Amino acid sequence: MEPILTIDIGGTAIKFGVADETGRFLQKGSLPTRIREKGVDAFLADLLSLVRRVRNAFPITGIAVSLAGIVNGDTGELLLPSQFFPGLHRMNLVDFLEKETGLPALCENDVNCAALAEYWQGAGKGAHMLLCMTLGTGIGGALVHEGRLYRGASYAAGEVGQAYLGSSETWENWASVSALLTAAEIKRGLTLGSLTGQEFFAFVEKGEEMETHLLREWVDRWMVGIVSLAWIVNPDRIVIGGGISAQRKLLMPYLKAAFDAKMPAILTPHTTLSLAQFQNDAGMLGALYLYQQRRQEGKNDLTF
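Under the UniProt record's numbering, the first residue of the sequence shown carries the number 1, and numbering increases by one thereafter.
Derived from the structure by calculation, the hints contain no laboratory data.
None of these values were measured; they are calculated from a predicted model.
A few of these clues could be false.
To be verified - Capping the alpha-carbon separation at 16 Å, the derived lysine to aspartate or glutamate pairs in EDC-like fashion look like this:
id, residue 1, residue 2
1, Lys256, Asp220
2, Lys125, Glu146
3, Lys249, Glu205
4, Lys187, Glu208
5, Lys187, Glu217
6, Lys262, Glu217
7, Lys262, Asp220
8, Lys125, Asp236
9, Lys187, Glu209
10, Lys99, Glu77
11, Lys15, Asp46
12, Lys187, Glu199
13, Lys256, Glu217
Unchecked claim - Simulated restraints on C-beta separations:
id, residue 1, residue 2, range
14, Glu208, His128, 35 to 45 Å
15, Asp74, Ser49, 26 to 36 Å
16, Thr196, Ser30, 17 to 27 Å
17, Leu31, Val227, 35 to 45 Å
18, Ala156, Thr191, 29 to 39 Å
19, Asp236, Lys206, 33 to 43 Å
20, Asn280, Asp74, 23 to 33 Å
21, Ala45, Lys187, 38 to 48 Å
22, Asp220, His270, 20 to 30 Å
23, Gly126, Thr191, 38 to 48 Å
From the three backbone atoms N, C-alpha and C, an ideal C-beta is built for every residue, glycine too.
The whole structure should be built from the sequences, with the hints applied where relevant.
Given below as structure tokens:
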């Protein structure tokens with residue numbers, strides 16, 4: 001297979017890579033996401049400029065896009081874009097890219113792509129039922145069953161952070177990394193939004209009692225949701241990604257302790273918990289995997 005241009009559109013940066021069918025990157029790079037500052041037209045112009053530059057250097061034969069929000073994975077329509085992408089509601093990126101470049105394209109939710117990357121080459125490799133979670137500003141989720149995404153009737157399956165706890169609070173408001181940092185800021189009397197994840201975990205590494213207690217309490221709260229999901233989908237593999245997965249050494253002992261304490265005995269022999277293998281490249285790799293899967297099946301109106 002000729003190389004594919006795979007793109008991961010984030011709130012601050014558009015990451016891209018040219019990759020072969022094995023997932024080996026021939027080139028990687030990034031550029032700023034200017035949609036909030038410059039508008040939709042500038043954002044689309046940046047995408048087309050990127051495609052032109054890459055085509056001048058590589059004989060790419062397709063484009064695979066990962067981005068935040070609820071995406072109709074069959075057509076490429078953005079049903080509910082992330083707050084980072086104003087003006088893209090109901091836009092069809094696949095139609096736009098195919099019309100402007102003449103190349104077949106696909107577009108998929110970023111957490112779905114991360115889950116596929118882990119299934120293909122990472123911590124979820126070979127799983128029968130993979131539950132992949134991302135922890136950051138919010139909580140994202142995705143399900144991969146026997147190598148295929150489970151999207152749901154409205155393409156919103158896995159949006160677990162939106163689940164309500166009680167009458168008004170969502171799970172991500174209660175147990176996201178943002179919630180953890182906010183609790184630490186309040187305890188330390190800091191300005192809200194001033195504490196970074198790296199700074200918080202530096203306190204934990206130093207053995208600071210307050211941050212260590214908050215981390216243990218947060219992991220316990222978060223594990224309540226994981227156990228609930230485990231009862232519903234009964235996964236054999238649970239993989240945790242997002243920026244927090246970079247804190248592997250500090251975080252894993254807390255996760256394992258909470259997992260062992262809260263996961264029901266009937267589930268634990270058949271369910272493992274691990275941190276994601278991929279971080280910055282997860283969206284690009286997963287989009288590439290999905291592109292290849294669609295190519296083999298001739299789906300999504302891709303013209304090969």
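Verification of the supplied hints:
no.: 1; hint: Lys256 - Asp220; verdict: holds (11 Å)
no.: 2; hint: Lys125 - Glu146; verdict: holds (10 Å)
no.: 3; hint: Lys249 - Glu205; verdict: holds (10 Å)
no.: 4; hint: Lys187 - Glu208; verdict: holds (13 Å)
no.: 5; hint: Lys187 - Glu217; verdict: holds (14 Å)
no.: 6; hint: Lys262 - Glu217; verdict: holds (13 Å)
no.: 7; hint: Lys262 - Asp220; verdict: holds (8 Å)
no.: 8; hint: Lys125 - Asp236; verdict: holds (11 Å)
no.: 9; hint: Lys187 - Glu209; verdict: holds (12 Å)
no.: 10; hint: Lys99 - Glu77; verdict: holds (14 Å)
no.: 11; hint: Lys15 - Asp46; verdict: holds (12 Å)
no.: 12; hint: Lys187 - Glu199; verdict: holds (14 Å)
no.: 13; hint: Lys256 - Glu217; verdict: holds (14 Å)
no.: 14; hint: Glu208 - His128: 35 to 45 Å; verdict: holds (41 Å)
no.: 15; hint: Asp74 - Ser49: 26 to 36 Å; verdict: holds (28 Å)
no.: 16; hint: Thr196 - Ser30: 17 to 27 Å; verdict: holds (20 Å)
no.: 17; hint: Leu31 - Val227: 35 to 45 Å; verdict: holds (41 Å)
no.: 18; hint: Ala156 - Thr191: 29 to 39 Å; verdict: holds (35 Å)
no.: 19; hint: Asp236 - Lys206: 33 to 43 Å; verdict: holds (37 Å)
no.: 20; hint: Asn280 - Asp74: 23 to 33 Å; verdict: holds (27 Å)
no.: 21; hint: Ala45 - Lys187: 38 to 48 Å; verdict: holds (46 Å)
no.: 22; hint: Asp220 - His270: 20 to 30 Å; verdict: holds (23 Å)
no.: 23; hint: Gly126 - Thr191: 38 to 48 Å; verdict: holds (46 Å)
This entry satisfies every hint, going by the numbered hints stated previously.
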